[in-house]
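Number of protein chains: 2
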Amino acid sequence: MNGILAELERIFYPRGVVVVGASNREENFGRLFLDGFIQLGFEKLYVVHPTEKEVLGIKAYPHMMEISDEVDLAVVVSPLETVPQVVAECTEKGVKGVVIFTAGFGEKGSEGRKLEQEVVGIARQGDTRIIGPNCMGIYCPSSKLSNFPFVPKESGPVGMISHSGSLCNIVTMAAAAQGIRFSKVVSCGNECDLNAVDFLEYLGQDPETKIIIAYLEAIKGGRRFCQLAREISKEKPLIVWKGGTTERGARAAASHTGALGGSYQIWRAAFAQTGIISAHSTEEMLDYLQAFYYLSLPEGRRVAIISGPGGPAVATSDACIESGMELAELSEHTKRRIAELIPPVGTSIDNPIDLGMGSAFNPRWYVESIRALGEDKEVDILLVIGGSWLSNFVEMVLEAVKEVDKPAAFATIPAVMRGMEQSLPTSGLAIYPDGRRAAMALGKLVEYQRFRSSA
Amino acid sequence: MNGILAELERIFYPRGVVVVGASNREENFGRLFLDGFIQLGFEKLYVVHPTEKEVLGIKAYPHMMEISDEVDLAVVVSPLETVPQVVAECTEKGVKGVVIFTAGFGEKGSEGRKLEQEVVGIARQGDTRIIGPNCMGIYCPSSKLSNFPFVPKESGPVGMISHSGSLCNIVTMAAAAQGIRFSKVVSCGNECDLNAVDFLEYLGQDPETKIIIAYLEAIKGGRRFCQLAREISKEKPLIVWKGGTTERGARAAASHTGALGGSYQIWRAAFAQTGIISAHSTEEMLDYLQAFYYLSLPEGRRVAIISGPGGPAVATSDACIESGMELAELSEHTKRRIAELIPPVGTSIDNPIDLGMGSAFNPRWYVESIRALGEDKEVDILLVIGGSWLSNFVEMVLEAVKEVDKPAAFATIPAVMRGMEQSLPTSGLAIYPDGRRAAMALGKLVEYQRFRSSA
Chain G
1106 MNGILAELER
1116 IFYPRGVVVV
1126 GASNREENFG
1136 RLFLDGFIQL
1146 GFEKLYVVHP
1156 TEKEVLGIKA
1166 YPHMMEISDE
1176 VDLAVVVSPL
1186 ETVPQVVAEC
1196 TEKGVKGVVI
1206 FTAGFGEKGS
1216 EGRKLEQEVV
1226 GIARQGDTRI
1236 IGPNCMGIYC
1246 PSSKLSNFPF
1256 VPKESGPVGM
1266 ISHSGSLCNI
1276 VTMAAAAQGI
1286 RFSKVVSCGN
1296 ECDLNAVDFL
1306 EYLGQDPETK
1316 IIIAYLEAIK
1326 GGRRFCQLAR
1336 EISKEKPLIV
1346 WKGGTTERGA
1356 RAAASHTGAL
1366 GGSYQIWRAA
1376 FAQTGIISAH
1386 STEEMLDYLQ
1396 AFYYLSLPEG
1406 RRVAIISGPG
1416 GPAVATSDAC
1426 IESGMELAEL
1436 SEHTKRRIAE
1446 LIPPVGTSID
1456 NPIDLGMGSA
1466 FNPRWYVESI
1476 RALGEDKEVD
1486 ILLVIGGSWL
1496 SNFVEMVLEA
1506 VKEVDKPAAF
1516 ATIPAVMRGM
1526 EQSLPTSGLA
1536 IYPDGRRAAM
1546 ALGKLVEYQR
1556 FRSSA
Chain Y
1106 MNGILAELER
1116 IFYPRGVVVV
1126 GASNREENFG
1136 RLFLDGFIQL
1146 GFEKLYVVHP
1156 TEKEVLGIKA
1166 YPHMMEISDE
1176 VDLAVVVSPL
1186 ETVPQVVAEC
1196 TEKGVKGVVI
1206 FTAGFGEKGS
1216 EGRKLEQEVV
1226 GIARQGDTRI
1236 IGPNCMGIYC
1246 PSSKLSNFPF
1256 VPKESGPVGM
1266 ISHSGSLCNI
1276 VTMAAAAQGI
1286 RFSKVVSCGN
1296 ECDLNAVDFL
1306 EYLGQDPETK
1316 IIIAYLEAIK
1326 GGRRFCQLAR
1336 EISKEKPLIV
1346 WKGGTTERGA
1356 RAAASHTGAL
1366 GGSYQIWRAA
1376 FAQTGIISAH
1386 STEEMLDYLQ
1396 AFYYLSLPEG
1406 RRVAIISGPG
1416 GPAVATSDAC
1426 IESGMELAEL
1436 SEHTKRRIAE
1446 LIPPVGTSID
1456 NPIDLGMGSA
1466 FNPRWYVESI
1476 RALGEDKEVD
1486 ILLVIGGSWL
1496 SNFVEMVLEA
1506 VKEVDKPAAF
1516 ATIPAVMRGM
1526 EQSLPTSGLA
1536 IYPDGRRAAM
1546 ALGKLVEYQR
1556 FRSSA
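Residue numbers (my numbering), protein chains in the order written: chain G, 1106 to 1560; chain Y, 1106 to 1560.
Hints are computed from structural coordinates only; laboratory data are not their basis.
No experiment lies behind these values; they were computed from the predicted model shown.
Among the hints, erroneous ones may be present.
Given that identical chains are not distinguished, each listed pair holds provided it fits within a single copy or across any two copies.
Keeping only pairs whose Cα atoms sit at most 20 Å apart, straight-line, the calculated SDA-like set for lysine to any residue is [stated by the list, open to error]: (1) K1219 <-> S1360; (2) K1440 <-> S1360; (3) K1440 <-> R1356; (4) K1511 <-> L1400; (5) K1440 <-> G1209; (6) K1219 <-> P1449; (7) K1219 <-> V1450; (8) K1440 <-> R1353; (9) K1325 <-> S1360.
Model the full assembly from the supplied sequences, consistent with the hints where possible.
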């Protein structure tokens, strides 16, 4: 492990954590951080505050140096003007990483950038590294670090890097609702010292992390980023949502984290060469993540579509082709198997398979067709579209989808979603509310698999 | 009203309806149709069936001619081989419109196409017109016509034409969950006689219909379609989702409704010239419909974005610009009003307005900012992004959104959606689960407004 990776390891797995500026006021963000650490069960917790004696049951010290135990991570929420002094105390105490939540630095202009330089200068006098300022810090369930209350306690294989602190929480919580769990989530903020590329390098070699997602506005060290991304993508899917792709969006990014973005055309070219999977919204990022999380990589790009409703079958065929797949030519054996199940009219045994309206009453038609396609050597990927008011429909169909030994996604029908929602599982399957979104996500698996096999 | 419009009027407002082939078997689709009519309260209902005496309390006749009352609409679910004879009886009886649900016609090849011609030939001997075959027929709440059980009884301003019967139900039900109501929904099927262009002409002049949506695979009479679309778009937004845009998708469409699609490039050009709003999935169609249903048209394309989370503010700015809007330059007065509300750091009073993390605890910051932007003459459109665990947050923010005298959409944050869902209203507002989707929908309002003002 090289210098920076060793430094980050100590920050991700600290012996003690101090929250500087946590108070008993309800809207105090230090208190929220503290609450998060307590909920995850981090034990060696301390508070530094000029007047408080205790916050949420944690003893508060007026000064850092009065804490006798080792403290490797500090989270600083104290006012802007106090930050240089706090960082000086952290450096003196030997703190390895200081998360500066406090805002009002580089994103506010040249005065703030000077203050950032001052703070880094102070930290450089010791072994202290800065995360932020203007950030939410680190969520790492395996070491019980929290960036907010309500995050899941369980660890998982997803690493996340973000230039938006809010998106760390939004994405973590929304993904958690789909059963997805995280290894490390890092909000980088203004990156006056440690930056997204440093964290990318760390997550690239982190054995706990198998998939990396990132919301990035601007990159410090584009060349190193591309080299790393290309290397890491060979092993781990890297999904990047780039904010500030337009000139005006980039201007907004500058007042968000004080960084300048560079042309999106350059980014796009970089994405293509490095195997990065590109997303354009929270929704797309979560859709793609779900596919990489729950599905294996396909052996080829031949998709089979099974649908009850005919219109979605047609339109999802378009979406699959636009997403880089091709429609599988089914084997005669498969067609015969399916033909034996369903009526000869109002249906189609050619791909996309249209099971007809009767399928809403006959989940067995789905189950048997899914099995047949699962066994067909001409099919690499399965996309199942359906829905029903029948109470056992979802359970039966999803059980069959789960047993398929190929990437297989399920798209629900919005009309019956409300009734189905209770029976939809919250984890274990890639489930989408629309055939087109399922197609786009499966297309990303194909795109990534092609990168891997050519890299 | 010209010939075809008068014919359609009699079909949409029939004096009596007969369901041919409805039986007491639970999976019989005629029974489902009948159930739908009963639920909507259509009274002059009849059943024709060779053996049944009564279905769902409705008297069944062995032959059409035994019904003494006037019957203007027939829904036929009887087996393929009986259809010519049924149509002959309908023609003899003077039925104006025959919906043929039965499948196995043109979509199955040349034999089926011959059968379609035979059926049309029989109908031509009288005043009878055919809808379908292979279709779900008509939903028209103002005349109590139903195409399926569970559809809302209340009428509304949306007309729908679809080459997919399932999508009629899927879209109707999903839109209904958002408080959207329909005037007429028509599933056209194989269009052996009446086709989508005929129905488009009817909906164009129908006073009940203010917005038209369509799922179309192939068009019979492309030139007439374009002329009508262009004329109608000047008055009523026309949202079209085209299925079969790829060669393979078009092949699937051919086995779905037996029609051939034509190149998507031609379609795209036609869309641009006719003011058609183009959608690519159920989700997009519903997203755009929501905007046209609940919002007024903007006076210009200058959008103001208000967000709590910073990342979504930046990324949604990109999405707005990509969707054809520009970011409004806010007046100094507005900026001052907002600056007085929020902390000076961790926020931005430049568009996109970043209210900072504290806004989750301070819905009043949203409310006051929304008011300020609502009154700013530099702003044509508002996009509000936010969410909170606070129970009164949604209510307060949405109340303010509703009072704005400009098109204003709200985008929730997925992470907190689950908790917020109960408090989200099901109607009256354009609400999206993602900033990008809100931006795309608002962009369609701008696109349409530009067409209208240039047409």
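Is the C-alpha distance from K1440 to G1209 at most 20 Å within one copy, between copies, in both cases, or in neither?
between (65 Å within a copy, 18 Å between copies)
Homomeric proximity label, K1440 with R1356: Cα distance no greater than 20 Å
between (55 Å within a copy, 17 Å between copies)
Given a CA cutoff of 20 Å, do K1219 and P1449 count as a within-copy pair, a between-copy pair, both, or neither?
between (75 Å within a copy, 18 Å between copies)
Indicate which option fits the pair K1219, V1450 if close means a Cα-Cα distance not exceeding 20 Å: within, between, both or neither.
between (74 Å within a copy, 16 Å between copies)
One pair to classify: K1440 and S1360, alpha carbons no more than 20 Å apart. Within, between, both, or neither?
The answer is between: 15 Å across copies meets 20 Å, while 58 Å in one copy does not.
For the identical chains here, do K1440 and R1353 meet the 20 Å Cα criterion within one copy, between copies, both, or neither?
between (53 Å within a copy, 18 Å between copies)
Homomeric proximity label, K1325 with S1360: Cα distance no greater than 20 Å
within (16 Å within a copy, 53 Å between copies)
Alpha-carbon proximity context of K1511 and L1400, limit 20 Å:
within (8 Å within a copy, 44 Å between copies)
Since the copies are identical, ignore which copy is meant and state whether K1219 and S1360 lie within 20 Å (CA to CA) inside a copy, between copies, both or neither.
within (16 Å within a copy, 68 Å between copies)
The structure is consistent with each of the numbered hints, conforming to all of them.
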